[in-house]
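Undergrad: These protein sequences, in sequence, are chains S and U. Going letter by letter, the first sequence gives residues 777 to 1234 in the working numbering. Going letter by letter, the second sequence gives residues 21 to 404 in the working numbering.
These aren't lab readings, by the way, just hints derived from the structure by calculation. Please read all numbers here as calculations on a predicted model, not as lab measurements. Some hints here could point you the wrong way.
[What the hints assert, rightly or not] Covered stretches of chain U, going by a simulated chain S footprint (3 or more residues, C-beta under 8 angstroms):
#1 137–149
#2 340–351
[Said to hold, decoys possible] Label pairs and their calculated CB-CB ranges:
#3 U:Phe240 / S:Pro904: 18 to 26 angstroms
#4 U:Thr32 / S:Arg1197: 23 to 31 angstroms
#5 S:Glu1194 / U:Thr32: 17 to 25 angstroms
#6 S:Ile787 / U:Gly149: 37 to 45 angstroms
#7 S:Trp838 / U:Ala160: 50 to 58 angstroms
#8 U:Gly152 / S:Arg995: 27 to 35 angstroms
#9 U:Gln398 / S:Arg1053: 48 to 56 angstroms
#10 U:Ala131 / S:Gly1134: 27 to 35 angstroms
#11 U:Gly34 / S:Gln1195: 33 to 41 angstroms
Ideal Cβ positions, reconstructed from N, Cα and C, are used throughout, including at glycine.
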Amino acid sequence: MHYPWWHVPFITAPMLIAAVAVVHVLVSHYAVGGGLFLAIETRHAYAAANREYLAYLKQHAWFFVLLTVAFGAITGVGIWWTIGLASPLATEMLIHIFVFAWAMEYVFFFLEIASAFIFFYYWDRLEPKIHMAIGFIYAGAAWISLVLITGITAFMANPGAWPEHQSFWVGFFNPQFVPQVLARTGGALLLTSLYVYLHASFKVKEQRLRNLIEMRSARPALLGAALIVLGGLSWLTFLPESARAALLAATTLNILMLLVFALTAIVFVVFYIGPYRNPGWLSPGFAILFLLFGLAAVATGEFVREAVRKPFVCYNVVLCNQVLPAEAPALQQRGYLNGGTWTRAWVARQYPQVMRGGEVDAPALLTLSAEDRRHVGEVLFMYHCNDCHAPTFGYAGLAPMIRGWTPEMIDESVKRPEQLRFFMPPWMGTPEEAELLAGYLRTLVPPYPAGMDTGSAQ
Amino acid sequence: MEPSPLIGPATTLGYPAPYWFLLGFKVLGFILHAVPMSLWLAGTIAAMLLNRYGHGHARRFASRLMQQMPLIIAAGVNLGIVPLLFTQVAYYRVFYPATILMAWAWLSIIAMLAVAYYGVYLHVLGLRGQAGWLKPYTGAAGWLAALLFIIIGFFFTNGFSLMTNVGAWRDIWEHTSIAAAPLGTALNFGDPTLLPRFLMFFGLALTTLGAYALLDTAVFAGRESPEYHRAMPLLALKIRIPGLLLFALCGTWYFFGALPQATRDYMFSSWHAPLTVLTAISPGLACPFVLLLIRRFSRVLCVVAAVVQFAAIALNAVSRQIVQNFELKPYLDVAAERVNMQWSPLILFLLLFVAGLGVLIWMIVQVAAVQRRELKHQPAGKKH
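Whole structure, please, built from the sequences with the hints as guidance.
TA: Here it is in structure tokens:
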């Protein structure tokens, strides 16, 4: 409402966030787990004076730097970029609540980048003790980065008592904080093993070394899988009631959630029986398959995490259509178009005849021509609904959803969307504006599919 | 002040720290970011040109610069987070609308940066003879990266100039929207300051590159020959001269031909006047040191020249900030928002910041010790 709404055809703007976030998460978790892996394994290789393993770890460090420092860092900034464009009010709120968490995270991010480069470029040049210390600086900084960012992302799922206290620490240590730190740490460990397998399966030819890598990497994977399950279950426990209900109500989310647990369990069992107890399984095919399993599980988890928050971007703080819950009564009384900075400016420019004392006179909107009423209805759709629905075809396209609906059904769904589906935000405008939106939706309704014989008269 | 109907209300949360604190970090962050950013903006294209048309030491410098570029990019991206974070805290009411109006170009910066970054990596692998089957593409990768960095810079200038060009928002919005929702396809082409501002910064970036050539020679090029050391000041001058000309020309265009009269008057009023003059001449202040270095090479003078150039960047950043606030003044008083202090997170951040600096310094000391050790064990003839 305070900002212009970016219309992204077909997929809708918020889906861009999901796309960038999933790509980033797949690399950023490796950036955390990979740091721990490299630090611990380098220490082990130094202690065992295993030159072959050290040589492999150096190779892996190059792959790690190339992927995480470049792609991981840029896509991390990319998420921030995208949320500012696609969800500006939520970003504004989060930045003002958590600017110092981000600033702290920045300190650790800087240490990560510096130590990652030093760790790789000064391999064989630093004394082993110093080299290992720098590896652990990286690992510690990367994990603390995860913890700091998780405080913010967990807040979005359940801010706990923040709406009453509005305190940084209450918001940061929210009910979802520990569950998500556990699950993300687990995800980082598990994904790292899968990346190591992929890399080693192509780069290491010597069987003994392969077996060593396989066996040692299985340990963090097993620990990671256990943490994911533990974190996932506690995540479920500490979800707000509406989010749990959304999970139960939406078949797709249900299936996806089960898929995450099932994939994690499969990976756990196969890793235990295979690489951990009977090394020798490692091959490019095995590594690719399991990395795909891992990526699918993490991506699915991220999608579910995003989806269950509806109708909020931040639970009880910002609604998905960029409205603060506290603003709802005023919008319902004075009008949605009137309450929005850009919508009010648009009406004032296009239809100055409906402005009274600088405000939009909602009843006067109904006196506009049919074409203009449709146009205003379309504006209402963009600013009230387009965050979750493409108008015709595309992500949650509205037209296919309302195929064959009668005008009465549309009117009812516009006036009380939250009663129809509890994960939709309530109608935020006046009855006149509801009429305009309903009028626009009526123009989108495709006819009831012809040729169906259900035995009842249509 | 007449608020624009397109600027939304202030956040009910208030600023988490006083405005001066936010502004301080924003400007400091930008100054630090501007150094590596200048190097990739002007440095990548310069390195590609020197590699193609240069000889001897110039090509060697180009190779050195490109090999350092992955670190420079990492530092630049990292240091860019600070000013952007504090911009979003203090200037959110203009930052979000401006970037939404040009959303696709703004978002494409991320994609272009990723491609450019890997382009640089591929080019470096080519320089080291490690590109394997990708060898035929390493040259193209370098040129592509150079081009993308320039486009990224241009889009950034669009974003930050549009942020203060509030008066143009409505027109841009009406021409690039569907049902009042922006398509995000705009750029700030209607702003007369756009092009001179971008070119002026490019000129400043070239002068920074020249200064960096000296710093690199003094601090990081211990293994290069004495001839290389002696040749670098002249190369630095050759890089700086077109930069100074571009800065002077486009700076004049920007200040006298593009900025409104009111802004010019403001920048020449009271204590702003000496600052403005100093900002204008600052990129040239390192030149006497460069000329002295051409006569006689000295590591200390190289570092002094680099410090003077850093001061020039800082002066430009401070002046730019003053202009930015003045441009926004008719619409928005960014300093007037309520402050809702977050004391304990702020103190923790500052403590971590200091601790982080300590750890960073410790790591640098370790690296420097390695460098010294390696230099000591290098054959005598190779040392400077």
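Undergrad: Would you mind marking each hint as holding or not holding in the structure?
TA: A quick look at each hint next to the structure:
1. For the segment 137–149 of chain U, the assignment as covered by chain S holds, since 3 residues bring a beta-carbon within under 8 angstroms of that chain's beta-carbons and 3 suffice.
2. Counting residues of the segment 340–351 of chain U whose C-beta lies closer than 8 angstroms to any C-beta of chain S gives 0; at least three are required, and the coverage claim is violated.
3. Checking the proposed 18 to 26 angstroms range against phenylalanine 240 of chain U and proline 904 of chain S shows it holds: the Cβ atoms sit about 25 angstroms from each other.
4. Taken as a hint, the range 23 to 31 angstroms holds for the pair threonine 32 of chain U and arginine 1197 of chain S, whose Cβ atoms sit roughly 29 angstroms apart.
5. Our hint of 17 to 25 angstroms for glutamate 1194 of chain S and threonine 32 of chain U holds, since their Cβ atoms are close to 24 angstroms apart.
6. Checked against the hint of 37 to 45 angstroms, the pair isoleucine 787 of chain S and glycine 149 of chain U passes, with Cβ atoms roughly 43 angstroms apart.
7. At roughly 23 angstroms, the beta-carbon separation of tryptophan 838 of chain S and alanine 160 of chain U lies outside the given 50 to 58 angstroms, and the hint is violated.
8. The hinted window of 27 to 35 angstroms between glycine 152 of chain U and arginine 995 of chain S holds, with their beta carbons roughly 33 angstroms apart.
9. Look at glutamine 398 of chain U against arginine 1053 of chain S: about 50 angstroms separates their beta carbons, and that is inside 48 to 56 angstroms.
10. For alanine 131 of chain U and glycine 1134 of chain S, the hinted distance range of 27 to 35 angstroms is not satisfied, since their beta carbons lie about 42 angstroms from each other.
11. A beta carbon spacing of about 36 angstroms between glycine 34 of chain U and glutamine 1195 of chain S agrees with the range 33 to 41 angstroms that was offered as a hint.
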